[in-house]
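We have chain A already, so just place chains B, C and D on it with the hints.
4 protein chains.
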Amino acid sequence: MKEIIEELIKFRNERDWEQFHNPKDLALAINVEAGELLELFLWKDPSDANPNKIKEELADVFAFAFLLADKYKFDVREIVLEKIKKNGEKYPIDKAKGTAKKYDEL
Amino acid sequence: MKEIIEELIKFRNERDWEQFHNPKDLALAINVEAGELLELFLWKDPSDANPNKIKEELADVFAFAFLLADKYKFDVREIVLEKIKKNGEKYPIDKAKGTAKKYDEL
Amino acid sequence: MKEIIEELIKFRNERDWEQFHNPKDLALAINVEAGELLELFLWKDPSDANPNKIKEELADVFAFAFLLADKYKFDVREIVLEKIKKNGEKYPIDKAKGTAKKYDEL
Amino acid sequence: MKEIIEELIKFRNERDWEQFHNPKDLALAINVEAGELLELFLWKDPSDANPNKIKEELADVFAFAFLLADKYKFDVREIVLEKIKKNGEKYPIDKAKGTAKKYDEL
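Residue numbers (the working numbering), protein chains in the order written: chain A, 1 to 106; chain B, 1 to 106; chain C, 1 to 106; chain D, 1 to 106.
Pulled out of the complex, with its shape left as it was, chain A reads as follows (with noise of 0.2 Å):
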């Protein structure tokens, strides 16, 4: 994951866009992109959208969120497995098993 940040980190330098980089418009450029994604699902089966465009999108999606946690240094390993832990009390196994419900539906 350093690799990809660093090269993301490169590419915005190389361009000199660190000052439209804030975490708010990071934070945006996230949901505009997630919504490109989502797109490529819409009135469609979920088997029927289309892979290639998918690998693009998604991959919008990680590198605007890889630098996001960039501007907090946030170590992504980290969060992440520390909000599967956190989770886990949220979705107790015994609780959660086989349904889609909301914790506060449990």
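Derived by calculation from the structure, the hints in this document are not laboratory data. Do not rely on the hints blindly, as some may be mistaken.
Restricting the straight-line Cα-Cα distance to at most 27 Å, the calculated cross-link-like pairs of lysine-lysine (DSS-like) are [claimed, not checked]:
1) A:Lys-53 x D:Lys-44
2) C:Lys-90 x C:Lys-101
3) D:Lys-101 x A:Lys-44
Some chain A residues near chain C, calculated using beta-carbon distances under 8 Å [stated by the list, open to error]:
4) Ile-5
5) Ile-9
6) Phe-20
7) Asp-25
8) Ala-29
9) Asn-31
10) Ala-34
11) Gly-35
12) Glu-36
13) Leu-38
14) Glu-39
15) Trp-43
16) Leu-106
Note that the structure is a prediction, hence the values are computed from the model and not measured. Ideal Cβ placement from N, Cα and C applies to all residues, glycine included.
Using the frame of chain A, we list chains B, C and D on its own:
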């Protein structure tokens, strides 16, 4: 990253949630989490958002993005580096430097 | 508003699109269009976004929002006025005045 | 629609919130609410979402969409009818009938 994906899948399988995790709903989930991340910046200066909450919502975005990548067996490092290369062609340094314009307006 | 909804439904039916317009995909469509609207503000000061493009993307948000309202036979005027009343309880004037805090932080 | 917009503005002004309601944050708010609407459909069949909750989240989408329209003094009826006309050119009936393809794939 392998470890993150393995932990996410373990969490999912312990709860028998794979049945819900089709690609379309995973793309939905990314959008839902991206929206919760965005809410932390709403009506605020970028610097006034709460980093602890950002950490959690961003972790959720990553979690579903990794799960969607896993569905298609995408290598995250590979697809992001590939996209950086492609974006380099859309945004050549000499044209894109210092401007936030979209590629079709350069 | 009746006229707008009638025109939207006429447009949809002429194209035989009702088969695609289930409530879930309409909610997806609202998100996709909201993302396109958001993109017009990305990396920009609020005043630098292009009003002509905003007009079009906002119109798309309205279009799918009206179609989703129609699916459930919601009266848009009624549901918005009802929500204003409910929000008035969550955000009492004396507590909410001049602050952008969320109701659970007031 | 006039009445809705007047009530929304009254609600906003009583709380002195106009200072926060720049167009960019209103577009953010639309996305945040659209995400909350989308969450009601997550992991579910379209028919399993809760209409009472949909009513509330959809009302929030409408509320911020009307407030953004008001910022630019757009007439909602006019911009939607205009967009329907424009979409009619992108999706001519004979080509678009019965297919969910995007206009650039027709």
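Any CB of chain C closer than 8 Å to the CB of A:Leu-38? Holds, because the Cβ-Cβ distance from A:Leu-38 to chain C comes to roughly 6 Å (cut-off 8 Å).
### Message
Take the shortest C-beta to C-beta distance between A:Asp-25 and chain C; is it under 8 Å?
### Response
5 Å, holds
Return the status of the interface hint for A:Ile-5: holds when the least beta-carbon distance to chain C is below 8 Å, violated otherwise. Violated, about 20 Å.
* Interface hint for A:Ala-34, Cβ within 8 Å of any Cβ on chain C -> 7 Å, holds
Check your understanding: Quick one, are A:Lys-53 and D:Lys-44 close enough, alpha carbons at most 27 Å?
Key -> 24 Å, holds
**Asked** Between C:Lys-90 and C:Lys-101, does the CA-CA distance stay at or below 27 Å?
**Response** This hinted pair holds, its Cα atoms lying about 11 Å apart.
Task: Evaluation of the interface hint that places A:Gly-35 against chain C, nearest CB under 8 Å - done: It holds, given that the least Cβ distance between A:Gly-35 and chain C is near 2 Å, below 8 Å.
Margin query: Less than 8 Å between beta-carbons is the criterion; does A:Trp-43 satisfy it with respect to chain C?
Written below: Given a least distance of 4 Å, the restraint on A:Trp-43 holds.
_Evaluation of the interface hint that places A:Ala-29 against chain C, nearest CB under 8 Å_ = The hint holds - A:Ala-29 has a Cβ within 8 Å of chain C, the shortest such distance being about 6 Å.
Within 27 Å, alpha carbon to alpha carbon, are D:Lys-101 and A:Lys-44? 10 Å, holds
Q) Should the hint that A:Leu-106 touches chain C count as held when the rule is a Cβ pair under 8 Å? A) 21 Å, violated
For the restraint on A:Ile-9, tell me whether the closest CB of chain C is nearer than 8 Å. 17 Å, violated
Taken one by one, the earlier hints fail for this structure at numbers 4, 5 and 16, listed in ascending order.
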